[in-house]
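Peer 1: Respectively, the protein sequence lines represent chains A and B. As numbered in our numbering, residues 78 to 309 make up the first sequence, in order. As numbered in our numbering, residues 300 to 357 make up the second sequence, in order.
Simulated from the structure, these hints should not be mistaken for laboratory data. Just so it is clear, CB atoms sit at the ideal spot from N, CA and C, and this is done for glycine as well. Hints should not be assumed to be uniformly reliable.
[As the list claims (entries may be wrong)] Beta-carbon label-pair distances, calculated as ranges: (1) B:317 / A:233: 17 to 23 Å; (2) A:175 / B:332: 26 to 32 Å; (3) B:327 / A:134: 16 to 22 Å.
Okay, here's what each chain looks like letter by letter:
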Amino acid sequence: MYSRILISAIFAGAAAGLVAGILQLIFVQPVLLHAELYESGELVHFGGIANSADPALPGFDVMRDGLSLIFTMLIYTGYALLMIAMMNIAEERGAQIDGRWGIIWGVAGFVAFHLAPGFTLAPEVPGVAAADVTARQIWWFATVISAAIAMWLLAFGGNWVMWGAAAVLLMAPHLIGAPEPDSFTGPVPTEIGALFAARALGVGLAAWVLLGCFAGFFWQREGRHADAAARA
Amino acid sequence: MTTLTQNHAQTRGTARFLPALFAVILGLGVIALTGHVQAAALHDAAHDVRHATGFPCH
Chain A
78 MYSRILISAI
88 FAGAAAGLVA
98 GILQLIFVQP
108 VLLHAELYES
118 GELVHFGGIA
128 NSADPALPGF
138 DVMRDGLSLI
148 FTMLIYTGYA
158 LLMIAMMNIA
168 EERGAQIDGR
178 WGIIWGVAGF
188 VAFHLAPGFT
198 LAPEVPGVAA
208 ADVTARQIWW
218 FATVISAAIA
228 MWLLAFGGNW
238 VMWGAAAVLL
248 MAPHLIGAPE
258 PDSFTGPVPT
268 EIGALFAARA
278 LGVGLAAWVL
288 LGCFAGFFWQ
298 REGRHADAAA
308 RA
Chain B
300 MTTLTQNHAQ
310 TRGTARFLPA
320 LFAVILGLGV
330 IALTGHVQAA
340 ALHDAAHDVR
350 HATGFPCH
């Protein structure tokens, strides 16, 4: 069982993470680099001359972007370990797990890990004003855990009490509120910040749907291998 | 007979639960290390990914 979980998580996480990393390099990285020109003061928003919204940006940087790809694959492997652990328990309880059902698992994972925390702490471009990072990380983890429990209750709770509890878990972190900065000092134009948040969430959804699909597929496949080995 | 079935079900439950717990701990460790630990080297290497994935970065 350990090897089935590890093997399927590594395959699913590495594959989905690779796609996520490439999509981020294509769609998110240029927006991030653009924002960094304002963060560093190379471009100035307001007060100076109007800037072109289409500046020249550095291209592919082997070291920087290569590390990004590797770290994205690692993060998605971490996600895959969590998702496959839960798939394992769901299957024990009678749920069907395969590539098609994995798509729904992926959407649920996206809600728990990206949409729920991003609903209040929107994905940040470099240079935005933000509260203390440790406080934000605690809020992030608490929100992700409560949203993940909520998604499980929505899927497997089976009665109105559980669904009600899920709604409370989904809303509570946002009603309580995340750590916010005392004042806004971000030098980055709002257009870039909004585009960045939208792109980050969009790439996240695509990557999570793939992750769920791959996780279900490899979980099935490794299970068949294990059964065949047990019979042989 | 009933006891046997129960024992069997219990063993199967544990056989599934422990690896799941192991995977959850490992997964959280990987996510914390790559996405959240503030050590300078890790932060710099993962900087762009942390922003693009929506983690609190700095």
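Peer 1: Looking at the structure, which of the earlier hints fail to hold?
Peer 2: The structure conflicts with hint 3 only, although it agrees with all the remaining ones.
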